[in-house]
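Starting from the known structure of chain A, arrange chain B on it as the hints suggest.
So the sequence lines, in the order shown, correspond to chains A and B.
In terms of numbering that gives the first Met the number 0, the first sequence opens at residue 0 and continues consecutively.
In terms of numbering that gives the first Met the number 0, the second sequence opens at residue 0 and continues consecutively.
Subject to a maximum C-alpha distance of 25 Å in a straight line, what follows is the list of computed BS3-like cross-link-like pairs (lysine-lysine):
#, chain 1, residue 1, chain 2, residue 2
1, A, K281, B, K60
2, A, K273, B, K134
3, B, K118, A, K273
4, B, K89, A, K364
5, A, K273, B, K135
6, A, K281, B, K135
7, A, K70, A, K332
8, B, K60, A, K273
9, B, K22, A, K350
10, B, K39, A, K364
11, A, K256, A, K320
12, B, K22, A, K364
In silico contact screen, one side only, chain A against chain B (beta carbon under 10 Å); selected entries:
#, residue
13, D351
14, M352
15, H366
Just so you know, the hints here were simulated from the structure itself, not pulled from any lab data.
Just so it is clear, CB atoms sit at the ideal spot from N, CA and C, and this is done for glycine as well.
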Amino acid sequence: MGKHLVDIYPERCSACTRCMRVCPVEALRIIDQKVALKHDLCIYCGNCISGCHKSAFKVTSDSFAELNNYKVNVAILPLASYGMITDHKEHQLCYQTLYNFGFDEVYDLSIVTHHLAEKINEMLKAEVNHPYFLTQCPTIIRLIKQNYPTLMDYLLPFDFPFEIGAKIARKKFSAKYGVSPEEVGISYISECLSNFVAIKEPIGKKRSNIDHVFLFHDIFKSIIKTNELKKPFEVGASYKGVLYAKSEAIPRTTEIKEYITVDGINHVTDLFEKVYLNTIPKVKIIEAYSCTSGCVGGNFALENPFIAKWRVMHYANTLSKEESPNDVAEDLKWIDYHDWFFTETIESMNKDMPPLTESIRRMNKIHQILAKLPQIDCCACGSPTCRALAEDIVDGIKTLNDCVVIHSSR
Amino acid sequence: MWKVISKRHKSSHVDGVVILSEKLVLNYPIRQDDYVNGGKASSEIKRILTEFGLNQNLIRKIAISTYEAEMNLVIHSYGGELICEIDDQKICIISMDQGPGIANIEQAMQPGFSTANEKAREMGFGAGMGLPNMKKNSDQFTIESSESGTRIDMCYFL
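For reference, chain A alone in the conformation it holds in the complex (with noise of 0.2 Å):
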């Protein structure tokens, strides 16, 4: 990767240390008064965007230039836009917003989804002996890979929802206006810096199937104002599909009554290591989400995240429970067996480690080091906890000096 995705301003960042603190991996320094990211560490959850006063954080989005490239742009309305529709007209709206940014077609998300929870309830039918982790969010996959990797072989095997509708949409679009798949541009509005970052750097494939991605809150500040209407249109949208938008979306989907659902990525590590220990219950999978309430809570979404679910709930219960349009059995013919699942075996993380020897003595300097600090985790040094920057210090990016409790009292 030539550059990074997350970078920051430095004439906005005042070196609070707010996003360090919120941060689950402890990949964030305060290195020079400025943050500093290691990226190897990070899981790309978006707390540190979310947690930062001064929007010091950027995420650089792709240009709209690059739509005059394909012949027929598609935009993939994400499923955080359920969380700012309470109704049909606000759902036609939405997709009125992405015409009028130039976009020829509207896939929505619902749909896959909608199949997604078959799959899943079909797969899961079986007794298991262990619980499976729904693969909706990219950090969750991310956490895993790097803090649990003996975990890894209880991934479900689907691919991202926004992968599977790409795959839909290129081909569905191509055969509509008579042009090559490779004319037809698909473009994603990501919710949450998670899928953006899963779309740069695929997880369990080569290559994203989707071609350019923007920001949620680039689009759709102006939802309230473009009201107007130009002409109606048909929308299609799901019932179950649309409850997937948010969490619990596994109980209220299928028939799976032993799950576990979990979301704010703090109690997702929570409860990944009482997995990790086998001191749950038993259960058949376990849905988690980085972000509060799921994929509407996204960091780049603009509702609050419990309005938004309530807003989901809103609108799948005016769609019909039994019928669905006619979009969700039709868009079957346009998707293979393999579409559904990724293509590539997701790797663990292999470091190269020094012998244990040395990992021992490093180990004990780091101990020794830490009877030194005062231990109260201020975060003033810039280092997350006391213990981060006695490690900070073996590894020569700090001094003992950094200490503002031990620089104080001498």
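Chain B only, in chain A's frame:
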């Protein structure tokens, strides 16, 4: 008016670290009935082993039996300590307590046998699988017990 609750909160509860250049010794005190902190010592041990880049399946085995040992101290003992010793040959987990001791070790080693009290059972413990699992998961397992305390040694060879 603010009321001072406690003088100072220690974030890490490693009690003492013995510094030997080729060996790492971690020592965690465990209190009786401390369900809130139960599991923290084994989490910390797991974290350190992960940082060393050891085989993941081995780490999970060690983590599970360390957790069982830690919860045994919380549930059954008057308090004790959990010690983890790491060198380049082996990893040893030692659990020591101050009593009351196990009356019949042979019986305690039977799967399903438990003397856990109601409180522990309410919290989902007391299935009687702790000691059998610890034995099954470790390469070398010794247990000795008297009224003045129980000592369990679990060793894993690298």
